[in-house]
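Number of protein chains: 2
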Amino acid sequence: MRNTQSIRGPVVPSRGPLRPLGTDEVRITGGFWAPRQRVNGEATLGHALEWMDELGWTGNFTSVGNGSGSRERKGREFSDSEVYKIVEAMSWEHGRSPDPALDARIDALTSQIAGAQAEDGYLSTSFGRDWQRPRYSDLAWGHELYCVGHLLQAAVARTRTAGAGPLLDVARRAADHVCETFGPDTTGVCGHPEIETALVELARLTGEQRYLDQAASFVERRGYRTLPAHEFGWSYFNDDIPVRKATVLRGHAVRSLYLACGAVDVAVETDDDDLLGAVAEQFDRAWARRTHITGGMGSRHQDEAFGDDFVLPADRAYAETCAGVATVMLAQRLLLATGDNRYAGIADRVLHNLIAGAIGDDGRSFFYANTLHQRTIVQPQAGGERLDVGGLRAPWREVSCCLPNIARLLASLSSYLVTADDTGLRVHQYADCDVETRLADGREVGLEVRTSYPEGGDVAVRVARSGGPWSITLRVPDWATGAVLVVDHERRPVAPGDVVLTRDWTAGQEIRLELPTQPRFTWPDPRIDAVRGCVAVERGPLVLCAESLGDHDLDALRVCVGHSPEQAGDGAVVRARFESLLDSSWPYGEPSARTGTSVPLHLTPYHRWARRGPSTMRVWLPSA
Amino acid sequence: MRNTQSIRGPVVPSRGPLRPLGTDEVRITGGFWAPRQRVNGEATLGHALEWMDELGWTGNFTSVGNGSGSRERKGREFSDSEVYKIVEAMSWEHGRSPDPALDARIDALTSQIAGAQAEDGYLSTSFGRDWQRPRYSDLAWGHELYCVGHLLQAAVARTRTAGAGPLLDVARRAADHVCETFGPDTTGVCGHPEIETALVELARLTGEQRYLDQAASFVERRGYRTLPAHEFGWSYFNDDIPVRKATVLRGHAVRSLYLACGAVDVAVETDDDDLLGAVAEQFDRAWARRTHITGGMGSRHQDEAFGDDFVLPADRAYAETCAGVATVMLAQRLLLATGDNRYAGIADRVLHNLIAGAIGDDGRSFFYANTLHQRTIVQPQAGGERLDVGGLRAPWREVSCCLPNIARLLASLSSYLVTADDTGLRVHQYADCDVETRLADGREVGLEVRTSYPEGGDVAVRVARSGGPWSITLRVPDWATGAVLVVDHERRPVAPGDVVLTRDWTAGQEIRLELPTQPRFTWPDPRIDAVRGCVAVERGPLVLCAESLGDHDLDALRVCVGHSPEQAGDGAVVRARFESLLDSSWPYGEPSARTGTSVPLHLTPYHRWARRGPSTMRVWLPSA
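Residue numbers (the UniProt record's numbering), protein chains in the order written: chain A, 1 to 624; chain B, 1 to 624.
Hints may contain errors.
Computed far set for chain B versus chain A, every beta-carbon distance over 10 Å [claimed, not checked]:
1) 50
2) 134
3) 138
4) 187
5) 300
6) 375
7) 393
8) 398
9) 493
10) 502
11) 527
12) 568
13) 583
Chain B side only, calculated, beta carbon under 10 Å to chain A, not exhaustive [as the list claims (entries may be wrong)]:
14) 231
15) 376
16) 591
Hint data in this document are derived by calculation from the structure and do not stem from the laboratory. Virtual Cβ for every residue (Gly too), placed ideally from N, Cα, C.
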């Protein structure tokens with residue numbers, strides 16, 4: 001199918017089995033995500049801007065623009081990108097919930113950004129002026145192309161929600177400059193992928209073939225070790241193996257996932273099934289062997305990287321928030337490219353566990369890393385905010401990529417819920433939303449989805465507008481064995497997978513899906529050494545956890561797996577023992593016989609942890 | 001007791017229950033360590049010097065010395081220290097096995113070093129010249145005092161083995177400059193401790209009180225967060241809590257251990273039991289909760305740091321070689337200060353597992369990190385040598401602190417084996433050695449120790465010289481339940497701990513100790529999540545491991561703990577199953593029933609692994 005360019009969404013492939021719906025076609029109305037979207041718009045955007053103003057990250061554009069500012073640049077070399085990501089988030093938010101003040105703020109930031117752009121289109125506040133390092137003198141670490149990528153994505157968001165304007169002009173000039181500088185005779189790639197997916201989206205928006213060609217070139221020239229050797233190895237940059245030849249995602253998790261997004265985009269636009277297949281295989285294998293149960297990717301703090309297969313420590317799980325955002329981005333691209341609802345299931349898991357957990361209730365704090373096991377109660381301390389300390393959502397960090405990343409995802413979230421195919425609509429994610437769109441044949445159709453998901457499993461899909469036969473496809477998640485569908489006054493069991501209902505729908509008709517959400521034990525693959533002998537408890541798409549504010553010693557916890565977990569509120573209760581722990585001068589020796597009385601233990605959704613105060617937590621529970 | 005200053009050893013406290021013996025009083029004659037000492041002298045020293053010449057690290061001294069060299073300094077900011085450590089190692093080696101060529105090379109290097117010293121005594125090739133950053137402008141990362149510390153230790157080694165000479169003059173001038181710059185009115189400390197222990201040893205050598213005072217001041221002023229905030233936290237620098245108030249070793253493992261060495265040295269020289277007790281408690285707790293079974297300390301690659309209590313992942317265990325050397329250094333200091341043989345047992349474990357494993361057979365390659373679990377077979381690759389890749393001992397690295405550190409330890413190793421107390425001699429480490437010394441009352445005594453240790457448990461201690469009654473104390477290791485002592489034609493069981501034998505010894509009398517070294521299963525504390533459900537196999541002081549050159553899939557291994565391990569060569573055989581592993585698209589779900597046939601599996605000493613080619617390995621074996 002050929003997509004129109006008017007779709008208000010971040011990913012609009014020109015072909016593929018599914019057409020995404022825009023944020024104007026799907027509106028989140030309540031339930032799990034509506035308050036999070038509201039907090040994002042009302043608190044997070046302003047909070048991030050305040051910090052970036054305060055720290056001088058927005059001011060960098062003015063300083064280099066008018067030449068009168070201090071020559072001391074503020075922030076890390078990639079701070080421009082945070083400004084762009086917030087502009088992208090503001091643009092989606094203004095599209096979702098129009099606000100003249102927000103609109104004006106975007107314009108003001110655009111002016112600041114435009115003022116920093118060189119005559120020839122080059123744009124960076126870090127490089128290129130006579131008191132700075134030369135342009136592109138440090139491709140490995142300089143992040144110049146990475147930043148431009150986020151600029152392009154911001155311009156795409158702005159243009160798709162408010163029409164062409166000055167930000168698009170800035171972006172086109174920057175993109176043109178990139179194309180001129182990194183033409184076919186050159187070999188350079190950016191240490192941090194991002195420009196690839198951004199150039200494709202700008203090509204989709206503008207119809208400019210050169211942007212697509214440049215993106216394809218960046219994808220193809222990667223993997224030949226043109227970046228300098230580094231102690232983390234070339235895999236860190238994903239410059240170790242050509243994209244087509246790799247078999248698994250590896251190295252720096254966010255770099256790897258962003259590159260994969262760009263490669264899928266290129267593959268879709270160039271009809272390159274080999275490339276698409278290669279990336280899908282890499283992602284599938286990473287999902288099968290290198291992903292935490294929360295959907296978090298990345299095992300290593302040191303290089304923010306994937307571990308080897310099955311190296312997935314729960315304590316100090318890395319699972320960067322940005323990698324979660326990138327996983328949703330990649331899953332969405334693969335869903336659109338393949339039509340395989342498995343990828344929607346992946347996004348479901350990441351969204352309801354990692355993303356929902358990463359952001360503070362007030363939208364003003366976030367996790368950078370998302371551990372699965374917090375052993376010690378950590379009190380906040382002034383100064384020296386650490387990226388790796390679990391249990392504390394920080395208001396801001398020297399590296400604050402994650403908060404703007406969540407912000408742009410939440411502001412555009414409705415575009416991830418429902419797609420159109422040749423015969424109707426597919427509902428991929430269950431959230432309260434109203435859907436209004438046109439089918440491929442031009443018919444106007446509408447749905448209203450109401451659900452207690454993810455806490456509950458009741459999903460009601462009401463036809464709001466129809467006209468003749470079309471299909472509604474629902475996703476029955478992998479875990480939903482025993483699901484029941486109610487349609488046409490008939491109840492019938494449905495197995496995990498796609499349920500396609502083609503009817504001559506009339507407005508008011510309702511489909512009900514009953515997904516079983518009683519809590520269940522989940523065992524890890526025996527190759528995951530770090531959680532051997534443990535079980536997790538899940539409920540629907542939610543991973544649960546045991547949390548202690550000091551009332552329990554979670555190190556002493558043993559769960560009795562002979563008793564099935566029981567539903568309790570939005571969590572579960574399991575039978576557990578707290579065993580007596582013996583200290584010794586050396587922690588290796590004879591096995592100790594230990595005792596403890598069985599007690600009920602309440603488990604809550606993982607995304608809720610560390611909201612009532614500093615606590616200890618564990619997702620993986622040693623079995624008795 | 002009051003020690004004389006003529007002892008040829010790196011640690012010579014002026015008081016304490018035990019007097020160390022020098023490298024001239026104890027000579028290693030054969031067995032486990034003699035070939036390693038020989039390779040160290042014949043290969044490692046020259047190998048390290050070649051690399052440092054080639055990379056320009058020694059040349060830095062000449063360049064800044066004659067002013068005619070390139071202004072481009074080579075190597076990292078701490079590369080001076082590697083030169084000093086090799087000079088220290090060469091000095092011990094020349095003392096152990098005199099060699100005019102080695103002597104001349106030390107003198108030549110001393111001239112190079114002296115040429116780079118400023119008029120006022122300041123010495124660094126990284127800072128202070130008009131094209132460099134100002135002196136002490138980056139205490140956190142500049143390593144200036146750290147480097148001076150290693151210079152002082154080199155000078156101590158040279159002076160104790162060859163008498164006072166030009167290197168001592170250089171060291172004294174450098175130490176004087178440190179005392180003048182960091183006097184009582186200042187607050188500075190070096191980001192990397194080392195100067196503390198070095199200043200104390202220089203004070204012991206020279207009798208200069210100001211060096212001791214300066215060391216005490218550096219110890220006392222630490223822990224008040226005077227170093228800049230850092231994303232790893234102040235604990236990284238051990239600048240988070242004053243030394244007297246801390247309860248456990250934490251942060252960067254090597255920094256923490258070096259600081260503890262300096263604090264013990266200060267405590268001993270100033271009769272400060274509070275300080276000594278504080279450090280002993282910190283080390284004891286780290287040993288009980290933050291140490292791998294190999295004796296390796298440090299769980300985290302990211303900040304080369306201790307983890308929280310019981311966070312001891314086997315895969316990607318960090319356990320830096322330098323932390324192993326530092327653990328031996330600290331254990332020796334605590335042994336000398338307290339007389340508690342438990343610390344000798346700690347050194348035993350670290351030496352026979354971590355240290356012996358870190359160095360290549362030819363002395364020309366080394367591990368930086370010492371993992372306990374290698375999942376994938378890694379082939380060597382040119383360029384970009386990574387610090388964190390397990391299974392490959394590298395000839396050299398950009399950060400090559402470990403090889404010179406092992407070199408100085410091995411060259412002075414005999415000084416760690418035997419001590420003198422008020423009534424006689426104590427044998428702490430079992431190795432083939434000849435001991436000749438004088439007791440406190442001036443009597444000449446001698447021992448000959450011959451043993452199959454660590455592979456075997458037979459220890460023969462023959463009196464070589466005597467004269468009147470004195471005592472011989474033997475250490476029965478913690479694991480040696482069922483040990484037997486044979487003395488005076490009598491066999492008797494001895495329990496773990498100290499065996500003190502006071503006799504009117506005559507030359508030729510022999511004591512035999514039979515330590516049981518049949519292999520045994522060892523279980524981890526249940527709080528160590530990373531190895532839950534696993535056992536290790538040990539034999540005497542040796543940790544064993546399963547290694548595969550591709551013949552076994554160690555991920556599929558399950559050990560039958562119902563069958564005791566049996567002795568086989570210097571390793572063991574256990575009953576094991578290799579289970580069938582099922583791949584799936586998501587590694588969490590139902591527990592899988594898996595099968596496999598029981599087969600015998602050979603285990604070898606950990607220190608032997610990765611010597612026959614790239615391999616996979618695991619110390620912790622999942623139990624069936």
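Taking 10 Å as the cut and beta carbons as the points, is residue 527/B off the interface with chain A? Check fails; 5 Å does not lie beyond 10 Å.
Is it correct that the beta-carbon of residue 375/B has no partner in chain A closer than or equal to 10 Å? violated (5 Å)
Can we trust that residue 393/B is non-interface, i.e. its beta-carbon lies farther than 10 Å from all of chain A? holds (16 Å)
For residue 50/B, is the shortest beta carbon distance to chain A beyond 10 Å? At about 21 Å from chain A, residue 50/B clears the 10 Å cut-off, so the statement holds.
Residue 187/B remote from chain A - nearest C-beta pair above 10 Å: At about 17 Å from chain A, residue 187/B clears the 10 Å cut-off, so the statement holds.
10 Å Cβ clearance of residue 502/B from chain A: holds (28 Å)
Whether residue 493/B stays farther than 10 Å from all C-beta atoms of chain A, as the label says: Fine: 20 Å to the nearest Cβ keeps residue 493/B off the interface.
Given a cut of 10 Å on the nearest C-beta pair, is the interface hint for residue 231/B held or broken against chain A? Holds, about 6 Å.
Holds or violated: is the Cβ of residue 376/B closer than 10 Å to a Cβ in chain A? holds (6 Å)
Outside-interface status for residue 568/B - nearest CB in chain A farther than 10 Å: holds (22 Å)
Closest CB-CB distance from residue 300/B to chain A, is it above 10 Å? violated (7 Å)
Claimed clearance of chain A by residue 134/B, with the beta carbon kept past 10 Å: Correct as stated: the minimum Cβ-Cβ distance to chain A is 19 Å, above 10 Å.
Hints 5, 6, 8, 11, 13 from the earlier list are contradicted by this structure; the remaining hints agree with it.
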